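Number of protein chains: 2
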Amino acid sequence: MLNRVRSAVAHLVSSGGAPPPRPKSPDLPNSTSAPPAAPPQAPRSPPARAGSGSAAPARTVEARASFCRPTFLQLSPGGLRRADDHAGRAVQSPPDTGRRLPWSTGYAEVINSGKSRHNEDQACCEVVYVEGRRSVSGAPREPSRGQGLCFYYWGLFDGHAGGRAAEMASRLLHRHIREQLKDLVEILQDPSPPPLCLPSTPGAPGSSDSSHLVGPQSCWSSQKEVTHESLVVGAIENAFQFMDEQMARERRGHQVEGGCCALVVVYLLGKVYVANAGDSRAIIVRNGEIIPMSREFTPEAERQRLQMLGFLKPELLGGEFTHLEFPRRVQPKELGQRMLYRDQNMTGWAYKKIELEDLRFPLVCGEGKKARMMATIGVTRGLGDHNLRVCSSTLPIKPFLSSFPEVRVYDLTQYEHCPDDVLVLGTDGLWDVTSDCEVHSSGPSSGPRGPGHPPGPWLASPQQQAGFRG
Amino acid sequence: MLNRVRSAVAHLVSSGGAPPPRPKSPDLPNSTSAPPAAPPQAPRSPPARAGSGSAAPARTVEARASFCRPTFLQLSPGGLRRADDHAGRAVQSPPDTGRRLPWSTGYAEVINSGKSRHNEDQACCEVVYVEGRRSVSGAPREPSRGQGLCFYYWGLFDGHAGGRAAEMASRLLHRHIREQLKDLVEILQDPSPPPLCLPSTPGAPGSSDSSHLVGPQSCWSSQKEVTHESLVVGAIENAFQFMDEQMARERRGHQVEGGCCALVVVYLLGKVYVANAGDSRAIIVRNGEIIPMSREFTPEAERQRLQMLGFLKPELLGGEFTHLEFPRRVQPKELGQRMLYRDQNMTGWAYKKIELEDLRFPLVCGEGKKARMMATIGVTRGLGDHNLRVCSSTLPIKPFLSSFPEVRVYDLTQYEHCPDDVLVLGTDGLWDVTSDCEVHSSGPSSGPRGPGHPPGPWLASPQQQAGFRG
Chain Y
1 MLNRVRSAVA HLVSSGGAPP PRPKSPDLPN STSAPPAAPP QAPRSPPARA
51 GSGSAAPART VEARASFCRP TFLQLSPGGL RRADDHAGRA VQSPPDTGRR
101 LPWSTGYAEV INSGKSRHNE DQACCEVVYV EGRRSVSGAP REPSRGQGLC
151 FYYWGLFDGH AGGRAAEMAS RLLHRHIREQ LKDLVEILQD PSPPPLCLPS
201 TPGAPGSSDS SHLVGPQSCW SSQKEVTHES LVVGAIENAF QFMDEQMARE
251 RRGHQVEGGC CALVVVYLLG KVYVANAGDS RAIIVRNGEI IPMSREFTPE
301 AERQRLQMLG FLKPELLGGE FTHLEFPRRV QPKELGQRML YRDQNMTGWA
351 YKKIELEDLR FPLVCGEGKK ARMMATIGVT RGLGDHNLRV CSSTLPIKPF
401 LSSFPEVRVY DLTQYEHCPD DVLVLGTDGL WDVTSDCEVH SSGPSSGPRG
451 PGHPPGPWLA SPQQQAGFRG
Chain W
1 MLNRVRSAVA HLVSSGGAPP PRPKSPDLPN STSAPPAAPP QAPRSPPARA
51 GSGSAAPART VEARASFCRP TFLQLSPGGL RRADDHAGRA VQSPPDTGRR
101 LPWSTGYAEV INSGKSRHNE DQACCEVVYV EGRRSVSGAP REPSRGQGLC
151 FYYWGLFDGH AGGRAAEMAS RLLHRHIREQ LKDLVEILQD PSPPPLCLPS
201 TPGAPGSSDS SHLVGPQSCW SSQKEVTHES LVVGAIENAF QFMDEQMARE
251 RRGHQVEGGC CALVVVYLLG KVYVANAGDS RAIIVRNGEI IPMSREFTPE
301 AERQRLQMLG FLKPELLGGE FTHLEFPRRV QPKELGQRML YRDQNMTGWA
351 YKKIELEDLR FPLVCGEGKK ARMMATIGVT RGLGDHNLRV CSSTLPIKPF
401 LSSFPEVRVY DLTQYEHCPD DVLVLGTDGL WDVTSDCEVH SSGPSSGPRG
451 PGHPPGPWLA SPQQQAGFRG
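Residue numbers (full-length UniProt numbering), protein chains in the order written: chain Y, 1 to 470; chain W, 1 to 470.
If you are wondering where the hints come from, they were derived from the structure by calculation, not from laboratory data. Zero decoy hints are in this set.
Identical copies go unnamed one by one, so any copy, or any two together, can satisfy a pair.
Once the Cα atoms are required to be at most 25 angstroms apart in a straight line, the calculated SDA-like pairs of lysine to any residue come out as:
no. : residue 1 : residue 2
1   : Lys313    : Ala301
2   : Lys353    : Glu179
3   : Lys398    : Pro314
4   : Lys352    : Ser222
5   : Lys313    : Glu245
6   : Lys370    : Asn387
Bear in mind that the values here come from a model prediction, so they are computed numbers and not experimental data.
Start from the sequences and build out the full structure, keeping to the hints where you can.
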């Protein structure tokens with residue numbers, strides 16, 4: 001699969017950022033289809049299509065099916081059983097048929113190591129068509145201009161405390177992104193700078209951008225330049241938030257217990273947007289060089305954000321936690337002694353006299369894989385977890401978990417690529433046992449091996465990588 | 001002066017991180033003095049010396065003299081008058097006598113361009129001796145071990161809204177650093193890892209570091225490794241905070257109006273610590289390569305921190321400001337239309353319907369040099385400003401200003417240096433008109449020139465660089 005992804009990246013570069021080819025198959029489009037002469041049309045798949053008359057297409061009922069593996073695995077009932085066989089740890093990958101994933105995407109997962117009954121992870125791969133909601137300028141749409149946008153989408157969802165959040169995200173997050181992009185269809189296809197202000201209704205006059213400035217010498221005199229790229233980033237950021245809010249609203253009716261890390265890639269108009277909320281990781285291998293496309297959000301990495309929130313909103317700590325960090329747990333008998341600490345502002349350490357409230361559990365503790373927030377969870381961003389409480393307490397974790405991703409942008413048109421170049425997405429299960437360089441150097445013969453590993457190379461894979469440890 | 005600094009850096013490298021030479025002169029030590037065989041002793045200068053019987057040496061009265069230029073300029077009354085001559089814009093630099101600044105430090109400043117009556121900036125250059133407060137382990141001090149530490153110190157203080165804060169910082173901040181280091185004298189000289197917990201009183205037994213761990217599998221089972229370096233960072237961070245708190249306490253009695261950006265360098269035990277709170281900048285030029293040693297803290301750079309504070313503590317916005325950012329000022333007639341915005345979580349932009357509260361002033365507005373926080377101030381970190389209010393309002397600015405610096409560490413023992421290598425500190429007045437590369441390539445003949453510029457090269461200089469614009 002690695003080869004396939006490598007060639008896929010090369011294929012994309014050779015297309016020079018042109019609109020992606022129209023998929024033959026709605027759910028599993030064939031990447032070998034020729035680029036269309038006209039702008040791409042909507043895939044025929046109802047789930048991936050923006051129904052123009054649908055008020056809330058991201059909430060369609062059929063999108064919330066029962067537990068399963070990613071649809072592109074095309075698992076038979078027997079395959080689904082094997083995917084849950086903890087003893088065998090079978091590796092799952094898509095069948096090597098003519099219905100390949102777009103961009104020659106590769107995929108591999110192994111069943112988990114017994115932590116949970118089901119594999120709580122999910123993945124998604126779609127080609128999504130975005131039809132403009134309306135003419136944002138108020139003018140009638142010109143027939144000659146493209147009426148929609150198409151983006152490629154890949155998502156990895158590392159579930160925890162249940163698989164529903166990851167399932168829901170894998171079915172709906174790309175639709176939230178599509179919803180956010182609907183208003184931008186015309187703007188993104190117009191080379192002029194995006195309008196800062198839009199009319200409330202189509203047909204009403206919009207505001208001029210430079211005629212309302214106050215005081216030429218004041219800080220109001222300038223207006224920020226907003227790029228097309230930053231609009232896409234904002235659309236993805238808000239899509240994550242809306243996805244999370246939907247989980248909060250519907251968590252009882254649809255049993256959306258648990259949460260998930262989300263790592264998604266959007267390819268749109270020549271640029272790759274990598275959005276990460278959690279501890280998964282994406283890298284691009286370009287001419288042997290590794291380009292990090294994400295960073296992991298853990299209690300250690302986000303210590304100061306968490307401490308600042310606990311400091312400013314102490315009620316969120318419920319009298320059970322202290323926002324200060326100590327290098328180890330403070331003992332009652334150490335009251336009055338001086339221990340190293342750091343607060344929300346510090347990167348260094350200093351000694352402080354231990355007081356009674358320092359005996360509370362620290363908001364952030366531990367190191368590496370053992371690092372925890374509120375002694376409960378090892379990631380600090382993601383979707384869901386609206387019911388998550390501190391162990392043996394009613395204190396909610398969610399206020400400290402952020403659903404916002406960090407989005408990095410890679411302009412494919414700016415770089416030379418070779419056939420071996422590849423974009424790799426993996427959850428922590430992969431990166432715990434495989435370094436960036438190992439992934440880079442892994443090929444069909446050099447890739448990690450384990451029980452049941454298929455004879456080909458591999459690419460993105462959800463959390464449970466136990467099979468690769470052997 | 002550039003050459004002198006270049007040779008000074010080379011000199012330091014050749015000493016391999018050994019304790020700095022004992023200065024001959026207390027205030028302006030001669031860098032050519034030979035390194036001592038024994039650990040360095042305290043300079044004779046009362047201001048720079050840690051009086052062992054002084055309970056609060058950082059608060060001595062003589063340290064708060066009236067307005068003047070940096071003492072190392074050794075200005076005569078006539079020179080002091082010329083330093084205030086806005087028309088002539090004389091460049092001030094230390095006299096080229098035998099009493100050179102340590103490390104062959106160079107210094108240049110020009111008078112300001114009329115923004116204020118006095119030059120509001122200050123600078124400081126000291127060799128500071130730190131005597132241990134007591135034996136931290138509780139055991140009697142061994143006579144054979146070094147009893148103190150010496151650090152080199154350089155500070156640039158870019159004042160605004162009055163010069164008192166910069167003056168006070170230039171006289172006292174290094175003493176706060178010394179105070180913070182007093183507890184660490186023995187620990188920093190002991191190669192074993194710093195103790196995590198110290199007894200409350202000398203002689204009392206300290207806690208063992210690994211015998212109080214709870215639950216070997218929990219996040220408590222690990223204890224963080226704390227380095228000597230991170231203790232020095234913590235000491236500098238807290239020194240900035242204590243300096244700021246002192247300004248708050250004494251602002252009425254000592255007329256500490258205004259505030260200042262602070263950029264300081266501490267050289268201690270082979271490492272250079274660069275601490276920055278404000279929009280000054282430090283770079284190291286090493287073999288022609290430029291290594292940034294700071295970043296500027298402006299409303300644009302700290303937008304998300306400021307917005308998060310305004311979001312979590314809306315009372316700090318007083319109903320006058322919105323925590324949202326807009327690319328330009330929203331007009332009342334645009335109510336109901338949709339304008340681009342971003343909140344504390346977003347890096348991208350999205351459209352939102354304009355509501356009544358969006359008409360408030362944005363917390364952060366403008367770009368580049370015109371960027372302002374609360375329409376008032378263009379920096380977001382620094383010391384002082386405890387009386388600063390929003391223009392035409394009683395709303396305090398201070399809660400959004402942070403006194404904490406970012407500290408970067410450069411290990412001089414890890415790199416090869418050549419005689420041209422140099423550490424350059426400059427306030428925004430320098431960097432507004434001179435790029436990193438220009439500073440790097442500037443020599444006696446190639447340096448920036450302007451009215452009154454001296455015929456030699458230059459190094460660190462406070463804000464008013466109008467003379468270099470010509």
